[in-house]
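Protein sequence lines correspond, in order, to chains A and B.
Just so we're aligned: 459 in this note's numbering is position 244 of the first sequence, and the numbers increase by one with no gaps anywhere.
Just so we're aligned: 183 in this note's numbering is position 180 of the second sequence, and the numbers increase by one with no gaps anywhere.
It is possible that part of the hints are untrue.
Derived list of chain B stretches under chain A, where covered just means 3 residues or more per stretch with a C-beta under 8 Å from a C-beta of chain A [said to hold, decoys possible]:
id, region
1, 14-25
2, 81-94
Pair ranges (Cβ atoms, derived) [as the list claims (entries may be wrong)]:
id, chain 1, residue 1, chain 2, residue 2, range
3, A, Gly271, B, Val166, 12 to 22 Å
4, A, Ala331, B, Ala183, 56 to 66 Å
5, A, Arg383, B, Val113, 39 to 49 Å
6, A, Thr327, B, Ala175, 48 to 58 Å
7, A, Ala331, B, Ser178, 50 to 60 Å
Over 12 Å on every C-beta distance to chain B, these chain A residues come out as not near it, computed from the model [said to hold, decoys possible]:
id, residue
8, Ser348
9, Val449
10, Arg514
It is worth saying that the hints were derived from the structure and are not from the lab.
In this text the structure is predicted, and so the values were computed from the model without any measurement.
Idealized CB from N, CA, C, for every residue including glycine.
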Amino acid sequence: MSDFAIRTDGLSWRPGTSFALDRVDLRVPTGAVYGFLGPNGSGKSSTIRAMLGLLGGVTGGISILGHQSPQELPRILARTGYVPERPHLYPHFTVGQMLEYHSAFHAGWDATWADAQRARFALTPDREIKSLSKGETGKLMILLALAQRPELLILDEPTDGLDPVVRRDVLSALVEYVDERKATVFISSHLVHELERICDWVGLMDAGKLVAEMPMGRFKAGVRRLRIAGPAPVADGAPFTVLARETPPGSGEEWLVRDWSDGMESWFAANGATLREVGALDLEEVFVEMLRWARFDRRSA
Amino acid sequence: MNGRIFRVMLAAQARYVAPFLALGIMAAAAVPMLTVQGTDNTPPGSLDRAGHVLGQAAIAAPLFPIVALCLGCFIAVATWLPDIAGRWVYVLTLPIDRVRLAGYRLATGVVLILPVVLVLWLSSLLAVSLAGLTAPIVAAPGALALRFLLAAVLTFFVVSPVVLFSRRTWIALVSLVLVAIIFSVRLPGLPNLIDLLFLHEMSPLHPLAGQWRLFDV
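All chains, please: the whole structure from these sequences, using the hints.
Shown next, in the form of structure tokens:
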């Protein structure tokens, strides 16, 4: 088995004059729940569509479950459950007809599980797709993806626009499945708190580029807000990376740093500065700061 | 071929084409019967009846290719429309080779044309039995049904890729047709578009033209 369920090398897509995806090198470890974060329009959906052969003119290498995309797409799709950003099911089908149709294409379809989950989601088989609410459609999409018992789930904003109750239902079905099957999940979202609870890896997209990719623990734990009293030292040679420096009213400085670990406080004392406070950030703050840093870094370049 | 995939695709497409199929079946039942309309007023086997039936056959003749053309067009549109409306996302993320998928779609389209052809053939047989004609009048219900099948399938196959054109290609195509119409009107020396589409022997729609009579001498 490959170390990476998804691997892209220099994935680029240029539909017009500018790049929509610019040399994206993704590494999604097998068995990980990988949160693909980024603001709206950052290229998350385009990356997913490129991986699944839904875009023309894509360059770079794409390997999914050890198969090359788009050359071996049927093999990839036989082992992958996909929930698109916008559901594109056949509106005149009933729920029952949609399940029957979808199951015909998937050899691993678990009809017993699908029936049980349909009842749990309170989806009536004779309801037409076009009459389903957004929440019911979301549930049906996740049901279709999970009932094929995939090794990899690619979910593009699966809970976007859903109410909290439906969102919880959808996410718990997903978590149960992952627990049971040890499947790899690649989930894109701009709802940072939602991913914080379920993901163990994070990739951060901005303006068509992958600006960061790391384990969730490192993403959260390694970023800190430091309050420095008195004159701040020169950051060159620090064992951490300074993402941003701010001078709040009063004295001292605030630094936003990454790659922070315990024991680094001593660096300040060794450089003649006083570290007053080390503050943790929640994932959303980390996300915002990382984006700010990435944008500043691009402008500087 | 995977039988289950074919069955679910056929059932799904049947749902979409059902209204067109119903119209096609009604037309296929009605047009051959039009050929024998009013024959009761003439004695069986008489020259009067023969003349009447031949006249009716000539009137009904253009309706056969029109029904075949409409059927092929509507089934082609209804076959691909759900995928176009869904921007191909669902269908292209099914684990099936895209060429095979197109093959299934085309095969199910052809199967859906068959009930209409069957009704046309049965209706033609009924019309022939009601006509009560003798030599030298000949009837060709089987040949007519076969020709209808080929014409409808041909139209379906010609229209299918046209349906799949992108919006940009559609705009280019419509512009081209408009230019061709304007030129053919302004320059009387040029053949008109209808002649080119249906009568030119190189046109894929040429088989729709010609004689389509159920009865002839």
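Chain B versus A/Val449 - minimum CB to CB distance exceeding 12 Å, so not interface: For A/Val449, whose nearest Cβ neighbour in chain B is about 52 Å away, the distance exceeds 12 Å, so it holds.
Range agreement (Cβ of B/Ser178 with Cβ of A/Ala331, hint 50 to 60 Å): holds (55 Å)
Non-interface claim for A/Arg514 versus chain B (Cβ beyond 12 Å): Label holds. Min Cβ-Cβ 35 Å, cutoff 12 Å.
Assessment of proposed distance window 56 to 66 Å (beta carbons of A/Ala331, B/Ala183): holds (60 Å)
Hint check for B/Val113 and A/Arg383 - Cβ pair distance inside 39 to 49 Å: holds (48 Å)
Distance restraint evaluation - A/Gly271, B/Val166, Cβ atoms, bounds 12 to 22 Å: At roughly 19 Å between Cβ atoms, B/Val166 and A/Gly271 fall inside 12 to 22 Å, so the hint holds.
Assessment of proposed distance window 48 to 58 Å (beta carbons of A/Thr327, B/Ala175): With Cβ atoms ~51 Å apart, the hint holds.
Coverage criterion applied to the region 81-94 of chain B (partner chain A; beta-carbon cut 8 Å; 3 residues): Answer holds; 7 residues pass the 8 Å Cβ test.
8 Å C-beta criterion, at least three residues: is the region 14-25 of chain B covered by chain A: Three-residue rule met by the region 14-25 of chain B, so holds; n is 4.
Interface-negative label, A/Ser348 against chain B, beta-carbon threshold 12 Å: Holds, because the least Cβ-Cβ distance between A/Ser348 and chain B comes to about 19 Å, which exceeds 12 Å.
Taken one by one, the earlier hints all hold for this structure without exception.
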